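2 protein chains.
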Amino acid sequence: MKSLQKYFPILIWGADYSRKTLANDVMVACIVTVMLIPQSLAYALLAGLPMQVGLYASMAPLILYAIFGTSRALAVGPVAVVSLMTAVAVANVATPGTPEYLTAAIALAVISGLMLLLMGFLRLGFLANFLSHPVISGFITASGIQIATGQLAPILGIKAHGESFVGIVHSMLPNLTNANLYTAVMGMVSLAFLFWSRKGLKPLLCWLGLSLRSADLAAKVGPVLTIAITTLVTWHFGLADYGVSIVGVVPDGLPRLSIPGFDADLWAALLVPALLIAVVGYVESVSVALTLAAKKRQRIDPDQELIALGAANIGAGLSGGFPVTGGLSRSVVNFEAGAETPAAGAFTALGIALAALLLTPLLFFLPKATLAAIIIVAVVSLVDLATFKQVWHYSKADGAAMASTIVMTLIQGVEVGLLVGVGVSIFLHLYKTSKPHVAVVGQIPGTMHFRNVERHQVVTSPDIVSLRVDASFYFPNARFLEDTINNAVAANPAVKHVILECPAVNTVDATALESLREINHRLRDGGITLHLSEVKGPIMDQLKRSTFLDELTGKVHLTQFDAVASIDPELARRTLAAE
Amino acid sequence: MKSLQKYFPILIWGADYSRKTLANDVMVACIVTVMLIPQSLAYALLAGLPMQVGLYASMAPLILYAIFGTSRALAVGPVAVVSLMTAVAVANVATPGTPEYLTAAIALAVISGLMLLLMGFLRLGFLANFLSHPVISGFITASGIQIATGQLAPILGIKAHGESFVGIVHSMLPNLTNANLYTAVMGMVSLAFLFWSRKGLKPLLCWLGLSLRSADLAAKVGPVLTIAITTLVTWHFGLADYGVSIVGVVPDGLPRLSIPGFDADLWAALLVPALLIAVVGYVESVSVALTLAAKKRQRIDPDQELIALGAANIGAGLSGGFPVTGGLSRSVVNFEAGAETPAAGAFTALGIALAALLLTPLLFFLPKATLAAIIIVAVVSLVDLATFKQVWHYSKADGAAMASTIVMTLIQGVEVGLLVGVGVSIFLHLYKTSKPHVAVVGQIPGTMHFRNVERHQVVTSPDIVSLRVDASFYFPNARFLEDTINNAVAANPAVKHVILECPAVNTVDATALESLREINHRLRDGGITLHLSEVKGPIMDQLKRSTFLDELTGKVHLTQFDAVASIDPELARRTLAAE
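Chains as they are written, first to last, in full-length UniProt numbering: chain A, 1 to 579; chain B, 1 to 579.
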């Protein structure tokens with residue numbers, strides 16, 4: 001039962017489900033549905049897919065997440081960054097607008113869903129850790145810039161294509177003179193209204209008498225209002241005849257469940273993008289879920305989240321949708337509207353289904369420029385250059401990883417940008433640890449504690465060099481270790497003992513073991529004894545599996561104080577007694 | 001002057017060069033020359049190049065290394081593993097036997113020489129550290145197996161091709177029935193004699209009255225003896241007419257210096273193999289140089305070695321040779337014969353030049369099977385599976401990296417094998433640090449020292465959870481850190497203080513900083529104070545560049561003892577006083 005609850009969290013909250021919770025969840029679902037319809041349509045457009053696919057991707061995934069997910073407030077569905085990644089990945093294997101394009105998008109959802117499931121069952125969630133905070137943050141910023149730039153084209157009524165910001169700008173510039181005046185005016189006004197509605201609508205509604213919380217939620221209807229007004233205007237003035245691009249026929253009805261055919265070539269071509277989408281979607285979703293859960297002291301199970309998102313994506317694929325994940329803005333609305341259980345998500349799915357059945361004919365005259373404006377307003381909040389400044393100030397290495405992610409994403413597109421970012425983070429980490437900080441340490445008077453001679457008032461013995469190497473001993477720094485100890489000894493001809501204080505040594509790999517052996521032999525040949533101190537339990541266990549401890553000329557001491565006291569007991573005790 | 005000496009070590013030893021040293025170096029050069037001629041011819045064969053190219057690669061590089069190198073005993077020239085890597089790289093861009101093939105091999109020497117120079121000037125020698133001990137050892141073992149297997153073909157008088165052990169075996173098996181009897185007998189006898197001469201010739205020579213040292217050196221003439229005898233036999237019995245493949249015309253004379261034309265496509269195609277050859281050659285050479293230098297307490301400057309090997313390879317390319325590096329066996333002979341300065345290498349180059357001028361006609365009837373036998377005997381000592389057993393016993397991660405290097409090299413060839421090995425080492429390191437060892441620590445009675453509660457008899461306070469995380473805080477383990485602290489607190493409801501003891505924390509990157517912030521906020525919301533202790537200087541400097549220290553609910557203490565004493569002074573002092 002316990003493990004069944006682990007894999008089906010619905011059994012936990014479903015057991016206590018009351019009529020009151022039901023009423024609350026239904027109310028929340030209405031609000032989220034109104035917000036989700038425009039987003040679903042817009043992100044389908046962003047992914048280069050027919051509008052109804054956006055609605056399809058907002059039904060089955062929500063129900064599946066309600067069954068498997070551990071977050072009470074997460075709302076899954078199409079989101080900006082994943083939609084962009086979908087567009088890029090699918091455009092590589094099919095032409096936009098063709099049935100093959102749709103097939104590939106569906107396959108992408110299924111593949112990344114399967115990968116998430118697999119990662120969940122094999123406990124491979126740690127893979128997501130390789131997307132460091134600066135890389136994911138830089139990636140989202142660059143994606144936001146790219147999406148917003150790309151959507152300027154439908155707002156101006158021109159064509160643009162390209163897999164990166166630079167590519168899009170390059171393809172847009174020569175077309176700027178072909179902008180359609182009616183489209184441009186409609187797009188700009190929508191954009192202005194949407195931006196205003198984010199900040200100005202709430203005070204206005206408060207002033208009109210709504211409570212603060214209601215006003216906050218009602219202000220989220222800005223996009224729906226924009227859709228309604230621009231659709232009416234376009235219909236009334238027949239703007240389609242003046243070159244305003246409209247949505248046209250959106251097939252109504254519910255998606256048909258079907259198992260997509262397996263095409264080995266297609267799947268092979270989509271493997272890498274599917275993995276990237278799975279990991280990026282997961283990281284985005286889990287961080288939203290953790291943030292919201294922390295506010296109510298609820299728990300998120302990251303491994304179960306992999307399974308839930310995997311199920312949601314497979315569900316999206318089987319019901320004709322494209323890749324989905326937990327989105328920030330809609331989850332926040334869900335949370336603030338008071339969603340108490342994931343059932344709110346399931347009811348939202350019902351709301352979307354009703355919309356798909358009844359509302360699609362009303363969308364015929366909806367200008368694509370309006371959807372583009374909705375996307376732009378949604379993504380500008382993703383662009384966060386303040387974080388870059390902070391990160392750069394804190395750590396140049398992290399700043400460099402973030403900058404290269406942003407720059408490479410803008411120039412080469414999402415996949416290259418992400419991979420370069422991960423590569424740069426890993427490389428810079430290895431580079432840093434290959435030249436670690438090394439401190440010569442001495443005893444702080446009055447204590448048994450040893451610290452850097454350059455930072456603290458300490459006592460040292462002329463016979464002894466005590467070194468604290470602030471790194472694990474492993475292959476990138478094994479040779480550095482040899483050089484450091486050789487140089488330290490060469491600089492102190494009087495030295496008879498070298499003590500390596502090892503509290504910072506978390507690993508000694510086979511390469512470093514060879515180096516320690518070499519160091520021990522060379523010091524021995526020079527008449528110098530090598531000691532170790534504060535070697536941690538797991539490291540001792542490992543060293544015992546080699547012959548190093550037998551070869552070691554000195555001893556392994558529990559503490560640095562013990563090591564010094566065993567060589568120069570007089571000095572050690574005098575220093576301890578001093579004030 | 002100092003810096004001139006740094007870049008031209010010849011100025012250091014050249015200043016004290018005496019007539020006695022000269023006489024000694026010339027004697028050493030004679031011995032090494034006799035050994036180097038067969039090796040040079042054999043490795044040219046291994047690389048798929050005309051024989052004289054092997055001689056060319058043993059002249060200019062030796063002179064250049066004598067000028068720039070810091071090792072007194074290193075002998076550079078063609079070596080087995082690099083010759084194999086050359087053959088594989090060049091066969092990808094040209095057909096063996098064509099002038100384009102030679103051009104590509106020459107370009108490869110120049111490119112990897114330039115890369116080594118660049119790495120020397122930019123102090124990028126640390127790149128070589130990424131080849132961990134298990135990876136390079138596994139790579140050399142697998143290369144040895146591949147080379148020995150490939151050379152069975154000329155010994156049997158059959159054809160074989162393939163870029164990996166598996167490929168070679170696959171191409172050889174169907175041809176086994178075509179083996180040429182005369183070639184096979186000649187090859188097998190040569191092989192048997194060479195193996196015997198390594199072990200049996202020395203005792204025989206001692207028995208004949210030579211001193212131990214002379215016998216040791218004279219035993220190295222085994223290959224020359226084999227060449228002389230098999231050449232005579234082949235000539236006398238006209239074995240070429242019976243299908244024994246012979247070397248034929250080797251053009252005599254010295255190489256013409258020429259600057260190879262720059263072909264952008266060719267260079268682009270050779271970039272990755274050139275880098276791998278540069279790094280592998282450098283690692284092999286430096287480890288030989290360090291081993292020999294340690295025996296005489298001499299110093300090696302690893303950065304200058306990059307420059308010296310770079311110059312040697314560029315010299316090889318400009319004089320019609322192929323990639324070279326410092327070889328183990330010839331350097332050991334050089335060392336044991338008593339080489340006192342790198343001038344011995346320059347004199348060896350003269351010896352090789354004389355051979356190129358005078359001896360090549362004598363090589364006409366030399367059977368290729370003899371050269372193959374020389375190669376096999378040279379490389380079987382590279383195959384070292386005992387190291388694998390040791391490494392696997394010491395560390396499963398290192399063992400896995402070594403095993404995957406060996407297996408992938410055997411299956412996919414040298415380049416894939418090496419890259420997979422490096423990738424696996426890095427991945428396993430990151431994986432290990434993503435789930436670090438965490439110890440709950442307590443005070444050891446009678447000391448100020450804190451250790452793992454599970455390994456030592458320690459005293460703890462019910463109010464305090466003291467955790468020592470044995471890892472740097474960085475992106476692969478940032479989320480693990482959050483989970484660990486959440487779980488530790490959840491398991492101890494009485495806890496009011498969490499102390500993170502940080503002696504093992506060598507970095508806190510931007511991702512981990514975010515996690516620490518989150519941890520601090522969540523503990524604060526639960527009424528728990530977060531303290532840090534034993535944070536190292538460089539980490540404090542970095543944390544001060546963020547707002548974290550202002551947000552921290554507790555304090556940063558110099559020692560873990562101070563931290564506990566500030567919360568529960570009574571307990572800390574009582575424990576310190578206890579025995």
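Keep in mind that the hints are not guaranteed to be accurate.
Which copy is meant is left open, because identical chains are indistinguishable; a pair holds if it fits in one copy or across any two.
[Stated by the list, open to error] Below are the EDC-like pairs computed for lysine to aspartate or glutamate, each with C-alpha atoms no more than 20 Å apart in a straight line: (1) K396 to E454; (2) K389 to D541; (3) K6 to E100; (4) K389 to D550; (5) K199 to D16; (6) K20 to E163.
It is worth saying that the hints were derived from the structure and are not from the lab.
Source: prediction; values computed, not measured.
A quick look at each hint next to the structure:
no. : hint         : verdict
1   : K396 to E454 : neither (24 Å within a copy, 39 Å between copies)
2   : K389 to D541 : between (44 Å within a copy, 18 Å between copies)
3   : K6 to E100   : neither (38 Å within a copy, 65 Å between copies)
4   : K389 to D550 : between (52 Å within a copy, 19 Å between copies)
5   : K199 to D16  : neither (38 Å within a copy, 83 Å between copies)
6   : K20 to E163  : neither (49 Å within a copy, 71 Å between copies)
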